[in-house]
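Given these sequences and hints, build the entire structure.
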Amino acid sequence: MIKTYKIIYLAAILPILLLYSCQKDGVHITPTIKAINKNFSISGFVLGDTLEQYFDGVKMRDYYGQVRVTYNQNQMAFVTDEVNMELRKKSTGETVYRQKFSIKDEENVVPKFYFNGLQFSNGYTYPAPQGDDYTANFYVDKKGGAGLVDINIEVLEYYYDSTKPDPIVVVNTTVLPLAQNVKPGEWTPYVKMPVPVATPQQSGTDLYPIVVVRDAQTKEYYVNKNRDYSTINMELPYDGVSPGKVQSMYMNKKPADANSFFLEYLDLVQLFPQ
Amino acid sequence: MFKFMQKSAEPCFADRIILTPCHGQRISLLPNTTKQERKPGFNWRFLMKCSFIALVIQITFAGLLLAFTVKGQNLNEVKVALNLNNATVKESLLQLQKNSAIKFTLFNQLLAQEEKKVTLNTPDISVADALKKILAGTRLSYKLVNEFIVIEAKAVPPKPGRVLGKIVDEKGLPLPGASVRVIETGSGVMSAVDGTYALSLPPGTYTIEVSFVSFQTQRVTGVLVTENKSTPLDIALKTDAKGLKEVVVTTGYRKASVAGLYAQQKNTSNLSDGISGDQIGATPDKHVGETLKRIAGVSTNENRKVVIRGIAERYNVSLLNGSSLPSTDVQERDFEFNLIPTNLVENIVVAKSITPDMPYGFAGGLVQITTKSVPESDFISITVGNSFNSRTTGKDFLGYGRGKYDYLGFDDGTRNHFPSGLLNLIGQFDPTKTDEQNKITAAQVGEQNKRIGGTERLGARVFQSLPSQNYQLSLGRAYSLSADKVRKLGFVGSLSYRNTQTNDYVPNMRRGDWSHEPARANDPTDVNTGNIYGFNTTLGLLLNGGFKTEKHQINTYNLYTRIFDNRFSRYTGWTFESPKNDADMKYPSIQEDDRPKFIDLLQNKVSGTHRLNSFTIEWGLARTALNSIERDAVSASQTSKEISNTVLYTYNTGTISDPGSGPLHRDEYIYKEKNIDAVFSTAYDFKLGETRHTFKTGANYLKKHAFYDWQILPIAKGPNSTVPIETIPVQEWGNYMGMEDPGHSLFYFKQDYTSNQFEAKSINGGAFIMLDHKLLPGLRIVWGGRAEYFKLDTIKNSASLLRDKNSRIFFAEKKDWYFLPSANITYSPVKDVNVRASYAKAAVRPGMMENSRFSRFNPNYGSLVRSQGVSSTLIDNIDAKIELFPGAGELLSVAYFYKYFDKPAEFYRIDNENNGRGYITISNSDWAKVKGWEFQLRKSLGFVYSGLPFLKDVYVSGNLTLQNSQVRARELQYEKTAAGADTVYYKYLKYPRALYGQVPLLYNAGIQYAGKKLGVNITLNHAGNKTFITGIEPLFVEYERPRTQMDAQVSYRFLKSKMEAKLNMSNLLDAPFRYFINDPTTYELKPGNEGKLNLEWNDKYAYKFGFSEKFEEGYIDPATNRLVGDRQTATRYVGRTFSLSLSYNF
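Residue numbers (my numbering), protein chains in the order written: chain A, 115 to 388; chain B, 170 to 1315.
Take the hints with a grain of salt, since some may be wrong.
Some chain A residues near chain B, calculated using beta-carbon distances under 10 Å [claimed, not checked]:
#1 Gly140
#2 Ile143
#3 Pro145
#4 Thr146
#5 Phe154
#6 Ser155
#7 Ser157
#8 Phe169
#9 Arg175
#10 Gln180
#11 Asn188
#12 Gln189
#13 Met190
#14 Phe192
#15 Met199
#16 Asn222
Computed cross-link-like contacts, BS3-like style, restricted to lysine-lysine with a CA-CA straight-line distance of at most 30 Å [what the hints assert, rightly or not]:
#17 Lys204(A) - Lys810(B)
#18 Lys148(A) - Lys218(A)
#19 Lys1072(B) - Lys152(A)
Computed from the model, here is a short list of chain A residues facing chain B with C-beta under 7 Å [to be verified]:
#20 Val141
#21 His142
#22 Tyr185
#23 Asn186
#24 Gln187
#25 Ala191
#26 Ile346
#27 Met348
What the hints contain is simulated information worked out from the structure, not anything from laboratory work. Glycine included, every Cβ here is placed at the ideal spot set by N, Cα and C.
Structure, rendered in structure tokens:
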């Protein structure tokens, strides 16, 4: 009897297990995409805190500094008819902006925005130019260090010698301070930019004005203690020629490799034209 | 007397009820019980109560009842009338007791088991006759006790027990025809041709006498035979050297049994180690590949390929029931042992030295797998088991579409996409051209696409992984055709099923075509990872039979194994050519490989042994067929594209300008091999004075015929195609293959540059002469030689890559015949000690496809595997071993071995194309020398403290192999002669290196307790640095890092040992398989070598301080932010496995 029961039991349980086990169709791991819209765009500027971009609850990327579409990021895939985007403040997780995109829309555009680490706004605001004056404010990012910096116009008096490894030989430098003891993480007030004027000390030399950042304490060049690395491109006034101009310079010292840095800078006025 | 009385017409519900005649209208219950009328619909409580009451009555008064003097009512005189029509036994007895007025005692359980129907209509029949008629043919009898008729079960005679064993001489050689007699009964049998015997005896204690011509008769006293059990008794007879024919040696059972075991342990003329079915049963191993590493000097490559004494799989020969096995890997000479489930195996013996009668040459070892043999007694056993893997069960299990019958091991047709007669589109179809411009029209291609079928099966999907399950039914029957002679017939059959799902996790893959290092050392996300999902269904059917007499034995072995093995590899990462960057390679690509393989292995063998006076004839004839079909093997890659809201992964298609198989192709690989194997030998035993000798001669023949066919179907699209493959799931691509608009369709771009076929035949024949001398007491010399012939004919040899189409395989086989001498000496200077020495020359032949021009990408190597042509390897083997047998089942041994390989074949990674990745190929080196030591121990702990008897059942065991090898490598050089002709020559490297597959350190350690019911077994297996792939310089040599695996098993027998439960735990340490390469950052140019070319690595470079050939993790160089250390090429975790199995033996 025991034998019979055992065999019947086993004979019954085997096919049950087998049948239970049979799973022919799994669930595809690649979702089916209904459509790809190639007219997505997002632009803006973020500083002070990182913004995290989420789509349908899945984080895609961080935004810090300039926000723009690169490579294939102009494309948006629709698995369902709608895609929800959120921008969240990284430090708190707070959603500062959200937008829905529909599969029916021809274009999926995020309005240009500016986030200063606290507030999300539709754009960066700045004053209109006054007469022929050149004014500028500066923002040095804390990510490059907390030490104070000086921002100057330096007029280089130089000559060119192609036989030397560095063919530009500077013989004299005239310093025109723009902003002193700039505290990283804060915008400076707008300052008027002087016309870079200097008197050559030698014959056969030329003058070349640059805007350069230095460590306020040591007076060393800010990036890699190197002039060229610490220079930012700004438009400088020329007496009687230039119309007035406003510039808002954002600067961020970033690591290039293990031992060196580079200076990322951007004029927010150009990014947010009025 | 108390009675439990019940209305006679009522059915009985108690275990035991004393019935009164019908006039007992009242129910009188036992004292202290409540008077109760029986109500309709008794519930179970009442049933239990009745049972309990009846039990109390039974226990209390049964003795009393039986003690009463029988007061002889003469049942013959009491006449009754009966009117029974198709009545049950119980109903009949009830009527009889009613009509006879005699009290009956019935056991309800006994009555319930009887299914007999009684028809008896008579007006006048004695009670005795009535009882006889009613109880006839039942398992019941009656007896008269006092005034009761007690119906009881018939007395069952005790089942006989058996004494089983083998009669051997002092050397352990079987003695057929020996007389085995039971003194007490006078009965006896003769031993069979293999020395075995079996006696069937009633339970008791006996004295067994064994006698044989020219041996001292031996009596063994105290042989205990228990009911339905087998008592093992192997007896070793001593030679009657002094002619003391009248002397009978009397010894006790235990002593005789131990001596018999000793004799067999010491028997073999060669060096061998093995593992028995019992020992295998004490491990958690599922297939032979897992078991082999437990044998001394044996390790395995990923549990599939066997490495013996640190010598790789291609130098080891596998025999199944004495016949050679085909190679299961088309590109290597190798048999994958995972094909054979352990539950079909009787034992595995690995011979490490060669005698001339061994039909096939080897260098590492000869793996002899013997499947279950004919049993000595009948048995049926059922095993049911489940297992759980910590990295698999309950986790996501990825793969392509499955078939309905995958769990049964068969294809349901959904993988059949390879119809015959497909059109070759090379140069005949271009989707950018019109039909007029093409030889094959778009409609024809569309029709072909339709015949091939859709892509529904493609695309990775998630399944739920399930616990592994296994079932086995085994049946053994033994028949004795004669009462006094050995005429035994028997068979054993086994049917087994196993489904196993595995998920190997690869956290690091930096081999071959994958990126070899992160783009930035401090980027933890820049890593290539993957999983290998294994779905395996194995069906095993075994049917072995045999017939034996005193002088003849014929066996047949039949094994069929059906395996569906689907390995789905899915790797994610960055390639060597396109490493990670934050711009367009921010996200990894995906490489998928789905390889569903259906394997049929069928072996049919007949073998015989015949002993005619002093002649012993042995023969065997076997046919082994292997069919391996990889059907709808898919290789696919996906590239990533970061878009705004997701990372888009798209399966890539091929292009019409790509001469290869492209990034997505569906393949079919059919490999068939048939082996016909015949062996024949004759041995003649003779005496010269007091010495005994055997002359043996024989021949063997092995014919192999291999056939390989492959079809590759790349999926391609035209250069201007607008098929939106990004949005069409790959499983729907088949809907876009109609070719109505050829420029904008997908299609199967079948492009055959060759016939895609390989066919070869080989013949391996040999003849040997061997002399076996038993000269002095304890000295045995076996020597001789064999002449061996080998011929390999490659009939078809297509290149599978376009670039190999015009290349030639360089294959230098010197000659067909070799003479291979060998000699083995065994000397026992004192009792229980063997000293062995041996020399043998062996030839290892190339595998059938080792000279093929077939190449294929191996996803786990991350590389192509190709062949450069291989010739035979000649090996000189020298072995020495000392064995000590301190007790039954105990062993202590030390062995030394030295081997010289002439033209060893090895797996190289070479980089002829100088692309930094290379490929893997097999090729001969110049020579190799391998030497090593082997130690083995198995000892009972009974000696530790006699006050703890269980220690006798505790064994510690271990084996240790230390090995060192040196290879002189060579490089093929190409040169033009002055006359402008192409020539090749070898450049020999002066610095030796380790042999491919070498494991310098290998050990197993274990402790086992084998009690009557409880068994516990813990084993540890350790393999040191293994040379996994060799190469000309460290950059290409890949090693496997040391690995230690710990397994444990707890078993318990219950239900009178009929049922056994086993809890197996394997890989308890979750030890990964880890591989590495000595990275160029760990070595530097020797001073003064700057700019020098053509220097050997050892001349040019030296390891930096703190680095060596072994694995060193290294450090991150702060200056470069890069790792200075060995490259970890691959790591694979297989997880811990816990399995529970239940076996029931009927």
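For each hint, the structure was consulted:
{"no.": "1", "hint": "Gly140", "result": "3 Å, holds"}
{"no.": "2", "hint": "Ile143", "result": "5 Å, holds"}
{"no.": "3", "hint": "Pro145", "result": "9 Å, holds"}
{"no.": "4", "hint": "Thr146", "result": "5 Å, holds"}
{"no.": "5", "hint": "Phe154", "result": "5 Å, holds"}
{"no.": "6", "hint": "Ser155", "result": "9 Å, holds"}
{"no.": "7", "hint": "Ser157", "result": "12 Å, violated"}
{"no.": "8", "hint": "Phe169", "result": "4 Å, holds"}
{"no.": "9", "hint": "Arg175", "result": "8 Å, holds"}
{"no.": "10", "hint": "Gln180", "result": "15 Å, violated"}
{"no.": "11", "hint": "Asn188", "result": "7 Å, holds"}
{"no.": "12", "hint": "Gln189", "result": "4 Å, holds"}
{"no.": "13", "hint": "Met190", "result": "5 Å, holds"}
{"no.": "14", "hint": "Phe192", "result": "9 Å, holds"}
{"no.": "15", "hint": "Met199", "result": "7 Å, holds"}
{"no.": "16", "hint": "Asn222", "result": "8 Å, holds"}
{"no.": "17", "hint": "Lys204(A) - Lys810(B)", "result": "25 Å, holds"}
{"no.": "18", "hint": "Lys148(A) - Lys218(A)", "result": "11 Å, holds"}
{"no.": "19", "hint": "Lys1072(B) - Lys152(A)", "result": "62 Å, violated"}
{"no.": "20", "hint": "Val141", "result": "5 Å, holds"}
{"no.": "21", "hint": "His142", "result": "5 Å, holds"}
{"no.": "22", "hint": "Tyr185", "result": "6 Å, holds"}
{"no.": "23", "hint": "Asn186", "result": "5 Å, holds"}
{"no.": "24", "hint": "Gln187", "result": "5 Å, holds"}
{"no.": "25", "hint": "Ala191", "result": "5 Å, holds"}
{"no.": "26", "hint": "Ile346", "result": "23 Å, violated"}
{"no.": "27", "hint": "Met348", "result": "28 Å, violated"}
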